[in-house]
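K.L.:
Under the working numbering, the residue at position 109 of the sequence shown is numbered 109, and the numbers go up by one with no gaps.
Wrong hints could be hidden among the right ones.
Claimed, not checked - Here are the simulated lysine-lysine pairs, BS3-like style, with alpha carbons at most 25 Å apart:
hint : residue 1 : residue 2
1    : K96       : K51
2    : K51       : K99
3    : K51       : K103
What the hints assert, rightly or not - Cβ pair distances, simulated, as ranges:
hint : residue 1 : residue 2 : range
4    : C119      : A32       : 17 to 23 Å
5    : W104      : P127      : 16 to 22 Å
6    : S125      : D31       : 21 to 27 Å
7    : R114      : P40       : 21 to 27 Å
8    : V36       : I129      : 20 to 26 Å
9    : R140      : E60       : 33 to 39 Å
10   : R76       : D136      : 26 to 32 Å
11   : E60       : R114      : 18 to 24 Å
12   : R137      : D31       : 26 to 32 Å
13   : N108      : V71       : 29 to 35 Å
14   : D31       : Y126      : 32 to 38 Å
15   : F138      : N42       : 29 to 35 Å
16   : E86       : F106      : 14 to 20 Å
Honestly, the hints are just simulated from the structure, not real lab data. Think of the CB as a built atom: it goes at the ideal place given N, C-alpha and C, for glycine as much as any other residue.
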Amino acid sequence: KTIVVWKKLPLTDEMTAEKPFVIKFTLRNSDAMICVRFNPFNRRIYGGSEKGFVHFWHIETLDKAPDYDHVIIAHRGRITAICVGEDVIFTASNDKNIKIWRKWEFDNILVGHRDTVTCMHYMQSYPNILISGSMDRFVR
């Protein structure tokens, strides 16, 4: 239930063990965060939860208003991975599916894995290429 924005590494002398982060906040009325992703194009943080929700925060207002800006009910299972492009968000889940979102609206679903999708990579320079890995031991 906590999201932390860490200072960049390597650690410097001014960074102490008490506060090695920039922003730390606890989410209210939320379940556990399983994965997070920062989108440099729109400066938002996306957090995937164990109950299938994706929460959105704008990095500029995070320390002032830690409640999410927007939330979508993305999957029936836990969100296991999120990746982003300039105008697209991909969410993966233990429901074996990958969903595509544009402007916070559902766009499409990718099926084919036989077990939990554990990781994804979107190749921004090749907009039609998404790579996913699964507990089914396949990369697609």
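K.L.:
Hints first: check each against the structure and report whether it holds.
P.N.:
Hint check:
1. K96 <-> K51: holds, 15 Å
2. K51 <-> K99: holds, 15 Å
3. K51 <-> K103: Holds. K51 to K103 sits at ~21 Å (cutoff 25 Å).
4. C119 <-> A32: 17 to 23 Å: holds, 19 Å
5. W104 <-> P127: 16 to 22 Å: Between W104 and P127, where Cβ atoms are some 19 Å apart, the hint holds.
6. S125 <-> D31: 21 to 27 Å: The hint (21 to 27 Å, Cβ to Cβ) is violated, given that S125 and D31 are roughly 35 Å apart.
7. R114 <-> P40: 21 to 27 Å: Check failed, 33 Å falls outside 21 to 27 Å.
8. V36 <-> I129: 20 to 26 Å: Taking Cβ atoms as reference, V36 and I129 lie about 23 Å apart, which means the hint holds.
9. R140 <-> E60: 33 to 39 Å: With Cβ atoms ~36 Å apart, the hint holds.
10. R76 <-> D136: 26 to 32 Å: Cβ of R76 to Cβ of D136: about 18 Å, so the range 26 to 32 Å is violated.
11. E60 <-> R114: 18 to 24 Å: violated, 41 Å
12. R137 <-> D31: 26 to 32 Å: Given range 26 to 32 Å: holds, Cβ gap about 28 Å.
13. N108 <-> V71: 29 to 35 Å: Violated, at about 20 Å.
14. D31 <-> Y126: 32 to 38 Å: holds, 34 Å
15. F138 <-> N42: 29 to 35 Å: Roughly 31 Å apart at Cβ, these two residues keep to the hinted range, so it holds.
16. E86 <-> F106: 14 to 20 Å: Once the Cβ atoms are compared, 18 Å apart, the range 14 to 20 Å for F106 and E86 holds.
Consistency note: the structure conflicts with the earlier hints numbered 6, 7, 10, 11 and 13.
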